[in-house]
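Asks: Let's have the full structure, built from the sequences with the hints guiding it.
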Amino acid sequence: MSRRSELSKSLRGFFEKTLTDVEREIYIEKWKVSSEELGSDGEWRIEKRRLYGGLSDCVDIVEVDNGRFSFVVVPTRGMGIWKGRFEGVCLGWNSPVRSLVHPSFVNLEGRDGLGWLDGFNEWIVRCGIGSFGAPGPDKIIDNMGNEKEVMLTLHGKVANIPANTVKARMRLEPPYELSITGRVYERSMFGSDFEMDTEITTTPGADSIKIIDTVRNLRSLPDEMQTLYHCNYGSPFLEEGSHLLAPIQKVVPRDPRAAEGISEFDVFGPPQTGFVERVYFLKMIGDEKGRASVMLVNKDETKATSVSFSVKELPCFTLWKNTSSLKEGYVVGLEPGTSYPNSKAFERKQERVVKLKPGENHRSEINFSVYASQAEVNRAKKRIEEIGKGIEPEILDRPVKEFSPY
Amino acid sequence: MSRRSELSKSLRGFFEKTLTDVEREIYIEKWKVSSEELGSDGEWRIEKRRLYGGLSDCVDIVEVDNGRFSFVVVPTRGMGIWKGRFEGVCLGWNSPVRSLVHPSFVNLEGRDGLGWLDGFNEWIVRCGIGSFGAPGPDKIIDNMGNEKEVMLTLHGKVANIPANTVKARMRLEPPYELSITGRVYERSMFGSDFEMDTEITTTPGADSIKIIDTVRNLRSLPDEMQTLYHCNYGSPFLEEGSHLLAPIQKVVPRDPRAAEGISEFDVFGPPQTGFVERVYFLKMIGDEKGRASVMLVNKDETKATSVSFSVKELPCFTLWKNTSSLKEGYVVGLEPGTSYPNSKAFERKQERVVKLKPGENHRSEINFSVYASQAEVNRAKKRIEEIGKGIEPEILDRPVKEFSPY
Amino acid sequence: MSRRSELSKSLRGFFEKTLTDVEREIYIEKWKVSSEELGSDGEWRIEKRRLYGGLSDCVDIVEVDNGRFSFVVVPTRGMGIWKGRFEGVCLGWNSPVRSLVHPSFVNLEGRDGLGWLDGFNEWIVRCGIGSFGAPGPDKIIDNMGNEKEVMLTLHGKVANIPANTVKARMRLEPPYELSITGRVYERSMFGSDFEMDTEITTTPGADSIKIIDTVRNLRSLPDEMQTLYHCNYGSPFLEEGSHLLAPIQKVVPRDPRAAEGISEFDVFGPPQTGFVERVYFLKMIGDEKGRASVMLVNKDETKATSVSFSVKELPCFTLWKNTSSLKEGYVVGLEPGTSYPNSKAFERKQERVVKLKPGENHRSEINFSVYASQAEVNRAKKRIEEIGKGIEPEILDRPVKEFSPY
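Sequence order for the protein chains is A, B and C.
Positions 8 to 413 (the working numbering) are the ones given, in order, by the first sequence.
Positions 8 to 413 (the working numbering) are the ones given, in order, by the second sequence.
Positions 8 to 413 (the working numbering) are the ones given, in order, by the third sequence.
Keep in mind the hints are simulated off the structure, nothing from the lab.
It is possible that part of the hints are untrue.
A pair holds if it fits inside one copy or across any two, identical chains being indistinguishable in the list.
[As the list claims (entries may be wrong)] DSBU-like mimics (lysine-lysine), calculated; alpha carbons at most 30 Å apart, straight line: (1) K334 x K146; (2) K334 x K257; (3) K155 x K334; (4) K334 x K174; (5) K356 x K334; (6) K146 x K39; (7) K396 x K408; (8) K24 x K90; (9) K217 x K389; (10) K408 x K364; (11) K37 x K24; (12) K334 x K364; (13) K90 x K174; (14) K362 x K334; (15) K90 x K319; (16) K174 x K37; (17) K257 x K389; (18) K174 x K389; (19) K408 x K146.
Replies: Quick look at the structure:
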C-alpha cells in the first residue's frame, strides 16, 4: 500500500509524518491522511493546510477528526487549539475576533500591553512561558548584567510563536492513537530559552483529547516559568443556568467586583450586555493520583465538558466568568495554571512562580472530555463529588492579599 | 463562453468573483479578467496578484484599468488605493517610501507612535477607525472594567489591516460598473468591533472613481469611531502655482507656522527643501445634496483633480500642505474626515468624535475625478463657485482652541 | 548552452541573475546555478531558496559555496550572513536562537528596546543605519517641525529589513568572482531615507569573502548615520586560550566589569556559566592603505580568522567578550564600526556619529579570511605585527568618559 510506505519510516507500530521541521528545512503545505488510506480502525482523518488572506494569511492549521470529535491545532499560534466539535456540538466560543490571527498582526506591546487580545479566540490557548497574567513591570537582567525594568505583556508570548516542528503520528495498533506533536521555542539571546514539546492525542471515536506538554529550561542558568491553559467555552455548554462542578477546596474572588457575585460564583448567567468579567481564584482537590476534574454543565445537566489536570502540575485554577453579550464574547474560562493570572511580579512574591534548574522540565497533562447525555453527565458528576467528599469548600467573600493585589 | 460560466454564480446582471474570503477559506493568488473575455463594453481589465520580496512581500493588490483610468487597490493595506493613472497622468505622490509595505513590517507603536509613517505612500489611505490623528494618550476601559491609559498611535490601525473578503464585481449591463469590494475588520476582544465594507467603483472609460464605505459597530455597546480619507497628490497636479478651489466656509490654521502662511493657504509653492508642513482646518459648504467638491488645479488651469464628499458624512476638511523637496515627498493632502487629525482626546472634547450605537453604521461616499483640459477644468470650477456663491469664506489668521491644541 | 542563455542579459563578461526586484515585481523563489552548468572555473554553486515554517517562515536565503568556503546570505534580514563554513570548519556561533527569524516576529520595541536580541544569531550582522548601540532616548524632528523624544532600539533597524533587490553575479573570466548584491532601504516619511548597496564577493576556491557596502543619504537634507559590523565567532576559533591579534593603538574598557579583566582583554576563556559580557573599545592602526586586520587565533595558533577594514571608514572597533556557556551563546564579537555601541545620543556628543550631506554616501569594505594551518596563521600574524611595529598600545585600566557613559 503506497500510503503506508510513504509513512513507513516510523518505528514500533507508529506511522509518523513530519509536517514542519525548521532545522531540516521540511515544510509540507498541504497533506492529509485518513483511516481508509491507512487501513486503520475507525473513520478518522487528519488534514494539514495553510490559510491565506486577511489576518489569517500564512497561518498553518492541522485538523484532526477522530470520527466523532474534531479539533483544529494551530502550529502558527503556539500549538493552540482553535475550535473543537463533538457530534455537531461546538467546543470553544465566539470571540469578536472571528478568524485566526497570524502573530505578525499581533503587537503584544500594543494597547499598553494588552495587544494579545487582538488575536484571542481559541478554545484552548496556552499563556506563558516566561510569564503570563496581567501586564506589568518586571525586572530582568540585561546583557550587561544589570537590572532593567521591562513591561511584561498580557499572557506572555507562547501563543504567538509558530512551532518549530510539527508531526502527525498514528498508532497502527489498538487503541490507534492519533497525535499531533509540536515543539515551540520561546527564546532569545540574553533571555530565556524554553523548549516546549506538546503532544495532542485522541483515539478514533473517543470523546476526549489529551494534551501533554513538557517545558524544558535549556539555559545553563536557572530560570522562571509560568504556564496557564486558558480553556474557553461558550454556547451550548455555557447558557443561563450552566454551572461548575469541581472538587473545590477554596475560592477567592479576585477583586471587589468578583466578591459581589461570590454567592453564585459557580453558576452562570445569560448573555448580558455590559457584564464585566468576574474572576475567581480556586484551589482544587486532587484524587488519589493528584488529579482534579472541573466540569462545566449545562442547565438541565444533559451536556457537559470537563478539563482534568494534576493539582501538582497546575496547582492554581482560575475561573473566568465573562458572560457578556454574544457579540462581546459570551464565555467562561476554565484555567488551570502554575499560578494565578496576576502580574508575574505579584505571583513571584507569593512564591507561585515555577523555578526550573538548567535542563529541568515542567510537565502538564490535561484531558478534555465531553459528556453528551444525562447518564454520562451523572457518572462524571459522581466521580467529581467523590473526590471532594466530606470537604467543605472554603469560600472567601472578599479578595485577600495572598491571592490578588486588588 | 467558459469565462462567463466561471463567473456566472452572480445574480441580477452582475458577474462576481470572490478573490479572498477568510471564513470560507477562499483565496485566489492570481486572477484576471478583461472586457474582451467577458464580452463587455469598453476596454477594461482587472488583475489580482500577490507581490513578493522586500517590504512588499505577501502584499495583495488588485489593479483596475477602466481603459482610461487605472488604479491599484491594496487589500493587504485596508483596501487603500496605492496609485492611480489617468491617460498617462499620475494620481498620487512619491513618498520616500517607494514600494508598498506589508503591515507586518510596520510597528505602529514605533517612533513613539509615528510608526505608521513607515508604510505611508498611498494616493488614498483611510485613517481610523477606532481613532486617527496625532498620537496621544487616551483612556480605554480594560477587561476588568477599569480605566486604563493607552497611547493611540498616528492615524489608527485600519490602513494596516488586511481585508477579510475581497471581490471583483462587473455589471453586465450599461453602465457596466467595475467594482472591487472588500470587508475589513478592526476588532479585538475587550475592544472595538468595527466592520468596514468598501465598494470602489468605476465605469469603462470614465474619468472618475467612487468609494462608498460603511462602518458598522458590531458591539452590543456604543462605541466611538473616526475616519479620514488622506488623499495625496504630487506632480503634475501639484506644482508651483497650483491652487485649491473649494466652497469654503471657514479656514483655521492648525498652529502658528500655518498661521504665517494664511494669506496664501490655498496656493502651493514649488518643492522646497526644509519646508515644514502647514496644515489648515476647513469647513466646506455643501450643495443642495450636501456635497462639497474640492479641486486641486494646476497653475495654468489645464489639469485638475477633485475630491467630492458629503459635508454631513465628513464635516471636517483638512488641507495638508507639505511642499517639501521632491525627495522628501512633495505633496498636498486633501482630507475629508469626521473630525480633524488632532489627538482623539482633543477631538472628543470638541464633540467631533462620532458615536455609533450597537449595530449603527456610518457611511461615506467619496468621488475622485480628473479634469484633463482647460474646458473641463472651467466647467468644474464654475460648479464649485456656484456652491460657494455669495458666501465670503471666514479666514482666521491664528489657531483657535476649538480647532487645535497648539 | 541553455543555462548560459538564460543568464546572458549581462554585459562585459558577467552573468547576472535578478532574484528579487520589488519595483519590477521580480521574485524568484527557487534558483540555482553551478560552475558545471556555467562552464566556469572551480566547483562552486549558488542556491536561492525560501524557508517555511516556525519563525523562519518566508525567510529568503542565498547560499554561496565557492568550493571551499560556503556562506548563507539572508536578504530577508538586511543581507546579513547567517553562517559560514570553510573546509568543514564553522564560521559563526551558536546563539540560543538557533534558526533564522523573520523580521515580522521581531518586535524591536519589545523588552524595553532589546527586542532585536530575539532574532540575533548571525555570523555577520549589520547594526545601523539610522542608529545602533544601546537603546536610549533621542530627539528627532517630527512632521510638525518640532523636537520629539523617541526611544532608539538596540542596534537599529537594518538587520530586520528585507532587501529590495537581490542579484547573483558571476564573472565569466578570471578570477571568476561570485557575488551576491542587494539593496536595502531604511526609510520613512518624515524620517531618514538610506539606500544601502551591498556586494558580497568571493572567488572559486578562495579562503576569503569581501563585503562592500555603500550607504547613501537620499534625503535632500543632511542626516546622521551609524554602521557597525557585528562579526561573531564561537568554536572552533574561540576556545580557552584563543587570543586576539591586532594592530592596537588604544584599548578602553567599557565599564568597571570590563576594567576588572583588562589585563587579559585579548585572551579568551572557556565557556563559563554566568559569565557577564566584557566589552572593550579599541582604536586600531591602519597600514599604508589605512587598513587594519584583526585576527582571532585559536590556542595553539593552528587556526585563525580575520576581519580587515579601513580605519578611516570604520574608525571604532569594539571587542565583545561573551564567553558564556555553550548554551547561552559562547561568542566573541569583532565589531568594526563608525562609532562605539553606546547610545546614539552619547556617541553624538563625542562627535562619532557620521553626518551625510544630501546625496552623500559612506562606503565600507571588509574582508573576512580564514587561516587553516600554522604556516598561514604565522604569515598573517607577521603582517599584523608589522603594522603595529614600534607602537606600544595604550591600555586604559578604567572607563573614561570620552568612550563610555558607565
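Asks: If a hint holds in the structure, say so; if it does not, say that too.
Replies: A quick look at each hint next to the structure:
1. K334 x K146: between (38 Å within a copy, 22 Å between copies)
2. K334 x K257: neither (32 Å within a copy, 42 Å between copies)
3. K155 x K334: between (41 Å within a copy, 22 Å between copies)
4. K334 x K174: between (36 Å within a copy, 26 Å between copies)
5. K356 x K334: Between copies only: 29 Å across, 37 Å inside.
6. K146 x K39: Result: close neither inside a copy nor across copies, 46 Å intra and 48 Å inter.
7. K396 x K408: within (29 Å within a copy, 69 Å between copies)
8. K24 x K90: both (23 Å within a copy, 29 Å between copies)
9. K217 x K389: Classified as within; 22 Å inside a copy, 65 Å across copies.
10. K408 x K364: within (29 Å within a copy, 40 Å between copies)
11. K37 x K24: both (12 Å within a copy, 24 Å between copies)
12. K334 x K364: Cα proximity of K334 and K364: across copies only (14 Å, versus 45 Å in one copy).
13. K90 x K174: both (19 Å within a copy, 27 Å between copies)
14. K362 x K334: between (40 Å within a copy, 18 Å between copies)
15. K90 x K319: within (27 Å within a copy, 43 Å between copies)
16. K174 x K37: Answer is both: 13 Å inside a copy and 25 Å across each meet the 30 Å cutoff.
17. K257 x K389: within (20 Å within a copy, 75 Å between copies)
18. K174 x K389: Neither: 37 Å inside a copy, 54 Å across copies.
19. K408 x K146: both (21 Å within a copy, 27 Å between copies)
Hints 2, 6 and 18 from the earlier list are contradicted by this structure; the remaining hints agree with it.
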